[in-house]
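Visitor: Produce the entire structure from the sequences given, and follow the hints as far as they go.
Heads up: the sequence lines are chains X and C, in that order.
Under the numbering used here, the letters of the first sequence match residues 1 to 357, in that order.
Under the numbering used here, the letters of the second sequence match residues 1 to 357, in that order.
Treat the hints with care, as some may be off.
Same chains, same label: a pair holds when it works inside one copy or across any pair of copies.
In silico SDA-like links for lysine to any residue, alpha-carbon gap of 25 Å or less [unchecked claim]:
#1 K88 with K327
#2 K327 with S278
#3 K76 with A120
#4 K314 with W25
#5 K88 with G31
#6 K231 with I305
#7 K232 with K329
If you are wondering where the hints come from, they were derived from the structure by calculation, not from laboratory data.
There are 2 protein chains.
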Amino acid sequence: MSHKRLLIPGPTESPAELLQQQSKWLIGHRGADYTELYVGIIDKLGKYFETQHNRTVLTSSGTIWMDMTARNLVKKKALAGVCGAFSKRMYQTIGDAGKEVDPLNVEWGKAHKPDDVLEALAQDDYDTVALVHNETSTGVRNPIEEIGRAIKKEYPDIMFVVDAVSSAGGDYLVPEKLNTDLMFTSTQKCFALPPGLSIAFYSDAAVARAKEVPGRGHYTDLMAIHNYYQKKQQNPTTPNVSLMFALSHQLDRMLAEGNQARYQRHNEMAKYTQKWASQKMEMFPEPGYESITVSTIANTLGKNIGDLNKELGKRNYQIANGYGDLKEKTFRIGHMGEWTLPEIKSLLWHIDDIWGE
Amino acid sequence: MSHKRLLIPGPTESPAELLQQQSKWLIGHRGADYTELYVGIIDKLGKYFETQHNRTVLTSSGTIWMDMTARNLVKKKALAGVCGAFSKRMYQTIGDAGKEVDPLNVEWGKAHKPDDVLEALAQDDYDTVALVHNETSTGVRNPIEEIGRAIKKEYPDIMFVVDAVSSAGGDYLVPEKLNTDLMFTSTQKCFALPPGLSIAFYSDAAVARAKEVPGRGHYTDLMAIHNYYQKKQQNPTTPNVSLMFALSHQLDRMLAEGNQARYQRHNEMAKYTQKWASQKMEMFPEPGYESITVSTIANTLGKNIGDLNKELGKRNYQIANGYGDLKEKTFRIGHMGEWTLPEIKSLLWHIDDIWGE
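Guide: Right, dumping it as structure tokens:
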């Protein structure tokens, strides 16, 4: 069956080999077979992300970890970076969960900088800072390593939360180097799997903090997840077993490729796309802060992006228009997961061909 | 590949035809293709459950709806029926989410009765009542239709919440007849699909109530889910597209079988199992309140259930020991989803054969 190859910023294309892992016969999630599967996943996540932080996989989209941030880590007040649509959602979710939160706004297309974060932190008594690493709407890659270092140097007790939904597994991220207390992602972006599972890395300090925060609930309770794994090496609630099979298999593939090689492959696709874009239009993010997993391109030539995507559809490709207010003003190419440079070159050739260039 | 046929109370056996639906190429969850798929699912759920109530499918296990109950419906105080391990979890979750809640306890193995519920409701100013329909640990089927009618007659403003995780799709349940404001289930029980999606039916009154309850968060916000569907006929957060393919396909099969036929098939398997059990031991639930999807049998002969399951495993069958404190004192046979009477007869024959009876 022909199908549209997904070069949108997630869900990205999932190879047949991974999709088919989901067709295995089910196993009970309270037996030894499942424990072996799940502990294997947790171990492999530790290896790939070079981390000693605690890991968990939850049956949900990545967004639930915005709720988890509010429910488990925010004691009194949070500061949430807002640099695009998804980071705005984090800010709103913390407030919607009934916690105090201030936005740290930057113009869309710009990145957060360590000094701006420190300046904001000096204004009030914050206990949590939440940032999006790779803002999927603007294509901006925030310098979270520098920001994490700056925060923890001055405020070691602040919980540093990073949404790495559209970068983890493609970009090179090590929780200890980033100084995160919580970093989360999900399966349908750089892991090249169907959506349905979220993956989180959390520090022991995050566990200690959660103990002090009341009203965590059950499904959204980090302590319930943590304690159940300590005791039984399983999940407190019924997990998506089919997708766990696929995740386990994909982590083997990712470890075989290597996290540095995977990073280089993503970087290579991004650099090529950036060069192609800059020769005719402009990249939307400020220079030096371009994402390596999704390129947001400013449509300075006023091309009709809806029409472009229709034509690409006839050639079995799908890219993404700009997000929300950025529709038609920008467009987005997701070069993540299992895509490779030759495929990206082919896509860009098709765009040139459609535009008669 | 040989595999253990799952006759545990969920996940139940998922046929290859359904598992393979998950191998379809992914589609984006913000496009017209997905809207068509999802609206189709919502329509089919309406038909199968003969309901005008709102429906939604969330990427999570069913348990999240215990959190959703607390976050969206409990304004001041809830009454939660506790008749086994899963209903106890509902009681605890409402409390863990920071809401006031009283338990309505009955001895495990017994069912809740309308008069007991009314008596409890007279004691305090409750705004929500939560019950489990089919308590998976004790195998008790609570008379929720009679209870719902009794509650709504005296207290029309109370939100009536029913956890139908291990019965919906097997037992015959129509939200309007049950007077529920929220009824929820998940895919790995009577729907015979992998775990990973939860399904909820909620009244307009539940939407009105949620509007009045602050701190709902985002992933757990019924209003966010409701409004997004009204506006865009999609999900506010990224759904598990692969499992949606399988759910859509299975709903076609369920509608082809018919909800009455499906109920009769489950009832038939339950009656046969009850008769078999009563001839040698006893059913654990009080007479007249036995589940039609999971039979919990009192191990009055003191058989070693762990050993039984090992022997069954060699014959590629898996049943379940008793839950928690009921381990070895009871054992459980899940006859749900796509299982049929001949298969149940075969399983019971194998048990007799192992026991030399």
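Visitor: Treating 25 Å as the Cα threshold, decide for K314 and W25: within, between, both or neither.
Guide: Classified as between: cross-chain Cα gap 17 Å, same-chain 36 Å, threshold 25 Å.
Visitor: How do K88 and G31 come out at 25 Å by Cα distance, when the copy is not named: within, between, both, or neither?
Guide: Classified as between: cross-chain Cα gap 22 Å, same-chain 41 Å, threshold 25 Å.
Visitor: Could you figure out if K76 and A120 sit no more than 25 Å apart (CA to CA) within one copy, between two copies, both or neither?
Guide: Within one copy only: 16 Å inside, 37 Å across.
Visitor: Could you place K327 and S278 in one of the four classes (within, between, both, neither) given a Cα distance threshold of 25 Å?
Guide: within (19 Å within a copy, 66 Å between copies)
Visitor: State whether the alpha carbon distance between K88 and K327 is at most 25 Å within one copy, between copies, both, or neither.
Guide: The answer is within: 17 Å in one copy meets 25 Å, while 48 Å across copies does not.
Visitor: Given identical chains, is K232 near K329, meaning Cα to Cα at most 25 Å, within a copy, between copies, both, or neither?
Guide: The answer is between: 22 Å across copies meets 25 Å, while 51 Å in one copy does not.
Visitor: My question is about K231 and I305: at a cut-off of 25 Å on alpha-carbon distance, are they close within one copy, between copies, both, or neither?
Guide: between (52 Å within a copy, 23 Å between copies)
When held up to the earlier numbered hints, the structure conflicts with none and fits them all.
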